[in-house]
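Got chain A; can you put chains B and C on it based on the hints?
Protein chains in written order, with our numbering: chain A, 1 to 308; chain B, 1 to 222; chain C, 1 to 125.
For the record, the hints were derived by calculation from the structure and aren't laboratory data.
Some hints here could point you the wrong way.
Chain B stretches covered by chain A per the calculated footprint, using a threshold of three residues with CB under 8 Å from any CB of chain A [stated by the list, open to error]:
#, segment
1, 128-136
2, 148-157
3, 160-167
With a straight-line Cα cutoff of 25 Å, these simulated BS3-like cross-link-like pairs (lysine-lysine) come out [unchecked claim]:
#, chain 1, residue 1, chain 2, residue 2
4, A, K293, A, K37
5, C, K10, C, K27
6, C, K10, B, K7
7, C, K57, B, K40
Glycine included, C-beta positions come from ideal geometry on N, C-alpha and C.
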Amino acid sequence: MNATMPSKLERVLRAGHLAVTGECGPPRDCDGELVSKKAGMLKDHVDAVNVTDNQTAVVRQCSLASCIRIKQMGLEPVLQMVTRDRNRIALQSDLLGAASFGINTVLCLTGDHQHFGDHPNAVNVFDLDSTQLIQTVRMMRDDKRLLGGHEMKSPPQYFIGAAANPFGDPFEIRVSRLAKKAAAGVQFIQTQCIYNMEKFKQWMGLVVDRGLHEKVFILAGLTPMKSVGMAKYMKNRVPGMDVPDEIVKRMGGQPKEKQPEEGVKICIEQIQELKEVRGVSGFHIMAIEWEEKLPEIVERAGLYPRPE
Amino acid sequence: MIMAESKPIEEIISEIKDFQRVLVAGCDGCVTVCEAGGLKEVQVLASSLRMHFMQEGRAMTIDEVSLTRQCDKDYLRQIQDRIGDYDAVVSLACGAGVQFMAEMYDERVILPGVDTRFIGVTEERGVWTERCQACGACILASTGGICPIARCSKRMLNGPCGGSEKGKCEVSDEIDCGWQLIYERLKNLGQLDRFERPVDPKDWATSRDGGPRKIVKEVSRQ
Amino acid sequence: MRLNYPSNVKIVKVPCSGRVDVIHLLKAMEQGADGVFVAGCMEGDCHFQSGNLRAKKRVHHVQRILDRVGVGGERVAMYNLSAGMGARFVEIAREMTEKVRQSGPNPIKREQRREWETSAKEVAA
Numbered sequence: 001m002n003a004t005m006p007s008k009l010e011r012v013l014r015a016g017h018l019a020v021t022g023e024c025g026p027p028r029d030c031d032g033e034l035v036s037k038k039a040g041m042l043k044d045h046v047d048a049v050n051v052t053d054n055q056t057a058v059v060r061q062c063s064l065a066s067c068i069r070i071k072q073m074g075l076e077p078v079l080q081m082v083t084r085d086r087n088r089i090a091l092q093s094d095l096l097g098a099a100s101f102g103i104n105t106v107l108c109l110t111g112d113h114q115h116f117g118d119h120p121n122a123v124n125v126f127d128l129d130s131t132q133l134i135q136t137v138r139m140m141r142d143d144k145r146l147l148g149g150h151e152m153k154s155p156p157q158y159f160i161g162a163a164a165n166p167f168g169d170p171f172e173i174r175v176s177r178l179a180k181k182a183a184a185g186v187q188f189i190q191t192q193c194i195y196n197m198e199k200f201k202q203w204m205g206l207v208v209d210r211g212l213h214e215k216v217f218i219l220a221g222l223t224p225m226k227s228v229g230m231a232k233y234m235k236n237r238v239p240g241m242d243v244p245d246e247i248v249k250r251m252g253g254q255p256k257e258k259q260p261e262e263g264v265k266i267c268i269e270q271i272q273e274l275k276e277v278r279g280v281s282g283f284h285i286m287a288i289e290w291e292e293k294l295p296e297i298v299e300r301a302g303l304y305p306r307p308e
Numbered sequence: 001m002i003m004a005e006s007k008p009i010e011e012i013i014s015e016i017k018d019f020q021r022v023l024v025a026g027c028d029g030c031v032t033v034c035e036a037g038g039l040k041e042v043q044v045l046a047s048s049l050r051m052h053f054m055q056e057g058r059a060m061t062i063d064e065v066s067l068t069r070q071c072d073k074d075y076l077r078q079i080q081d082r083i084g085d086y087d088a089v090v091s092l093a094c095g096a097g098v099q100f101m102a103e104m105y106d107e108r109v110i111l112p113g114v115d116t117r118f119i120g121v122t123e124e125r126g127v128w129t130e131r132c133q134a135c136g137a138c139i140l141a142s143t144g145g146i147c148p149i150a151r152c153s154k155r156m157l158n159g160p161c162g163g164s165e166k167g168k169c170e171v172s173d174e175i176d177c178g179w180q181l182i183y184e185r186l187k188n189l190g191q192l193d194r195f196e197r198p199v200d201p202k203d204w205a206t207s208r209d210g211g212p213r214k215i216v217k218e219v220s221r222q
Numbered sequence: 001m002r003l004n005y006p007s008n009v010k011i012v013k014v015p016c017s018g019r020v021d022v023i024h025l026l027k028a029m030e031q032g033a034d035g036v037f038v039a040g041c042m043e044g045d046c047h048f049q050s051g052n053l054r055a056k057k058r059v060h061h062v063q064r065i066l067d068r069v070g071v072g073g074e075r076v077a078m079y080n081l082s083a084g085m086g087a088r089f090v091e092i093a094r095e096m097t098e099k100v101r102q103s104g105p106n107p108i109k110r111e112q113r114r115e116w117e118t119s120a121k122e123v124a125a
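If we strip away everything but chain A, and leave its shape as in the complex, we get (with noise of 0.2 Å):
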């Protein structure tokens, strides 16, 4: 577990394969097998699996734990932070445990308001911001101190990830902020999972007019539709989706029990089309609570098998 092993993720990146990604949402008690039996429905499927960290502002097992679990079945953890629960002493502590145990690729995040979660009544810290994250992170990799100035004999060593949401509004700073994002060391993005395709081109045009496909990583997010009412739950309730009405018509026009497979169906063209637009590196995976369908994506996909 030397700590200065480049991220599995990064390898095949950089040696020109699409990268996949898979997502794990620890649970909200102190079950430790339930995180395991997840990861191990995706392990030889992906390339690393994502951490969630009390997402939604929702407290759950603190990524850390299961990103350390996860690293000790032979799997890649992505571990991801946000910036809404801990200052810069905590958040380089976490960073520094978790290179300790050899999880080097770290996803850098501001995280959602805790209004959102059930715990509205809490603080919240945001002493950093998603790209002073990045920053930070840099700084402890690439000129080996910490933000305080004490310079590490043992430096971890990270690949550095963020998150990009080509939905949200306003349109025209997206792009602003990934290179703003790019200028503070990020070194890969997994972005909002995606239904509006042509949405989503156009800012994959202009990301690629600016060259910052060269200088980061894009893999674009995916979630499959169990259902149509996940369909419309994601449309009408869920910040910052862009669901367009005909892939909730599409789930609609099949009855209940085969709603699930045109969920899928429709996740693998997605995948199809994507491969073919400029600047896409991989995919970023998020079958929440539906695991076990992922190696049957991935395989469907063309993505099996992972390269070494």
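Frame of chain A; chains B and C shown alone:
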């Protein structure tokens, strides 16, 4: 100005119910501007309280006064001759004023009558919004005159976040996305280059996080 | 017009209902009125633009205060009528008097209130 809002009357009633003689003291400063603690509000609160205790059959004296300011000992002296007549004072000043009155008249029970909310501005009569978080190291020059610490729910310095939608914050569509406002202002001013430069982590030691603060201007001291 | 309205109604004249402020309504109740109503112009017809709308808001504000201090917000009301509607004025005066009579004396007048409660029980029995 410092903006405050009246406390629910039930809370004030429960704090003063065991006293006999209460003075309601307003402030002609900030709380007058935000219509929470000026003379008008003192009169309304005092009348409401008197009626409450009258219908309860409690004989209670509730008197009214408003001071020029409560954050200044010279003005707090305006009540020094009469404060001894009361068991308790409900101060409608901001938190600073209530504390200063309590410091000066430390043997009297001084109670807050408003909830101090924020440093802000009057958007229109009856509507006040937050503008400043008193971080102690003003960055308005680099954000086109709009503060991301006060106006971004996540106080991001490299915003907006992914939750900004139609110019509104993910927390509520009544809150403008501070970063959208900054972007548009920088665009108007021809300063969009500022937008693309990552801003380094802030030194929060000058804000509340560094501990209670003090300013000393030697040339002004007597 | 020489119409009769109940003698318990005391009139305070103001140039515009917008002149009536929260404190005036509270003071009337504090000084022992059992009810107060504000008669302003029809909405849209205020001679001074929107004085009657301000009055309406203030009446609602006072209603909420009176409910919370145990006096009763139903004792205060806003009515709209034009200067020529004499018969409507009488109607309002009677309606308000009746409403207030139902509510009994202002609770701050405890003696009166107790007497009223006792006689109300006797009538019921």
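Hint check results:
1. 128-136: n = 0 at 8 Å, threshold three: violated.
2. 148-157: Holds, because 5 residues of the segment 148-157 of chain B bring their Cβ atoms closer than 8 Å to Cβ atoms of chain A.
3. 160-167: holds (count 8)
4. A/K293 to A/K37: The given pair, whose Cα atoms are some 14 Å apart, holds under the 25 Å limit.
5. C/K10 to C/K27: Status holds; Cα separation ~15 Å.
6. C/K10 to B/K7: violated, 34 Å
7. C/K57 to B/K40: Given that 25 Å is the threshold and the Cα spacing comes to 16 Å, the pair holds.
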